[in-house]
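**Student:** Counting in this note's numbering, the sequence shown runs from 2 upward without gaps.
Take these hints with a grain of salt, some might be off.
As the list claims (entries may be wrong) - Here are the simulated distance ranges between beta carbons:
id: 1; residue 1: K117; residue 2: Q174; range: 55 to 63 Å
id: 2; residue 1: L23; residue 2: E3; range: 42 to 50 Å
id: 3; residue 1: F8; residue 2: C337; range: 38 to 46 Å
id: 4; residue 1: I261; residue 2: D147; range: 39 to 47 Å
id: 5; residue 1: A135; residue 2: D156; range: 25 to 33 Å
Don't read these hints as lab results, they were simulated from the structure. We treat Cβ as the ideally placed atom computed from N, Cα and C, and that holds for glycine.
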Amino acid sequence: MESLKRFTLILIIALLFLSLSLFGIVVMANQTALNPDFVVAQLDKLDLSLLTSQLLKSQIPQQVEFTGEFLSDIVADMEPEIKTQARGLIYSAYDYFTGRSQELKLTISLITVKEKLRTKIFENQEQIIPSYLATASQSTIEQYLDEIYKNATKDVPDKLGYTQGSWGKDVKQTLENISLTVGYFILGYRVLIGLILFLILGLFIFVRPVRAAVRVLGIIFLCAGFVQLALYFGAVGITRYELTQISLPLALQSWLPPLIDDFLRSLAIVSIVIFIIGIILVIVARRPKQRKRAKTESVTNAEPVFTCFNCGARYIPGDKFCKICGTKIQHFCPHCGASVELTEQFCTHCGNKLVES
Numbered sequence: 002m003e004s005l006k007r008f009t010l011i012l013i014i015a016l017l018f019l020s021l022s023l024f025g026i027v028v029m030a031n032q033t034a035l036n037p038d039f040v041v042a043q044l045d046k047l048d049l050s051l052l053t054s055q056l057l058k059s060q061i062p063q064q065v066e067f068t069g070e071f072l073s074d075i076v077a078d079m080e081p082e083i084k085t086q087a088r089g090l091i092y093s094a095y096d097y098f099t100g101r102s103q104e105l106k107l108t109i110s111l112i113t114v115k116e117k118l119r120t121k122i123f124e125n126q127e128q129i130i131p132s133y134l135a136t137a138s139q140s141t142i143e144q145y146l147d148e149i150y151k152n153a154t155k156d157v158p159d160k161l162g163y164t165q166g167s168w169g170k171d172v173k174q175t176l177e178n179i180s181l182t183v184g185y186f187i188l189g190y191r192v193l194i195g196l197i198l199f200l201i202l203g204l205f206i207f208v209r210p211v212r213a214a215v216r217v218l219g220i221i222f223l224c225a226g227f228v229q230l231a232l233y234f235g236a237v238g239i240t241r242y243e244l245t246q247i248s249l250p251l252a253l254q255s256w257l258p259p260l261i262d263d264f265l266r267s268l269a270i271v272s273i274v275i276f277i278i279g280i281i282l283v284i285v286a287r288r289p290k291q292r293k294r295a296k297t298e299s300v301t302n303a304e305p306v307f308t309c310f311n312c313g314a315r316y317i318p319g320d321k322f323c324k325i326c327g328t329k330i331q332h333f334c335p336h337c338g339a340s341v342e343l344t345e346q347f348c349t350h351c352g353n354k355l356v357e358s
């Protein structure tokens, strides 16, 4: 029976340590990857005009002398519209994956974007047309600008995305798998919280006294917090090193490091909180000892108690009979409470010296 109890206790401690160690990672994922507000906030931080201008340069005909500033201005005008529609797309996807919506519509209208692009091209025709067309007629220039617009948008549809009815079987299966995975993760997150609370309760049941259970719990929290802090610093170091090894557009180079910091911040906060809780629990587990020691010292220095055995009335030291009921009074040892004679200097029961009054 004792060995079974010991095995159960070891199992509880191991499971509690693993659960707490995973808790920070699960919270991080729940607050970032599974949080549409976080994704939208990170999208707003992305310099989309700079990124798009860098990517579009490879699609614009080489003979057209688009300057970087002009292209950035075009994309900057389109950026609010793109981000607005992207926000709606993100929230729609999250509603579907979390089960709040039964239909997923991934569509972004690009008509407004293409119209703004065409308007911008015609507004800046002086920067676009080559020198040999400087004296050409307006109709020739407009024809040239239309050709530029068609080349730039020939692969850009009026609508980007799909509705649920237009997807193939493989795409539908993939989306269903993602939805199931998200659902299992949300369920696992709740189960993990309940498991941690259940294991803490089990720890207090199997470990006595309570002070010892608190101390063990504090050590578990300390170890789990330390492990999560190590994971945090390791993840930060690895991701920053990997970013230096790959070639990225300038916009992504300035956007990804803060994104990684924001992504890992939840893990750091949970790790620190768990670590601090562990410290507090260990300190609290030591305080009752100090209180017990202080109580013992106060009892050791206590004055003798003079009370009537019959009626409990206090009497003046030196009286032999109670002035209230007339009963012979007794002297009690302040250390063990045994009855002693008034003339004794040491307690005959515990051997401690009686304090003279």
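**Student:** For each hint, tell me whether it holds in the structure or not.
**Tutor:** Okay, the hints, checked on the actual structure:
1. K117 / Q174: 55 to 63 Å: violated, 38 Å
2. L23 / E3: 42 to 50 Å: violated, 31 Å
3. F8 / C337: 38 to 46 Å: holds, 42 Å
4. I261 / D147: 39 to 47 Å: holds, 44 Å
5. A135 / D156: 25 to 33 Å: At roughly 30 Å between Cβ atoms, D156 and A135 fall inside 25 to 33 Å, so the hint holds.
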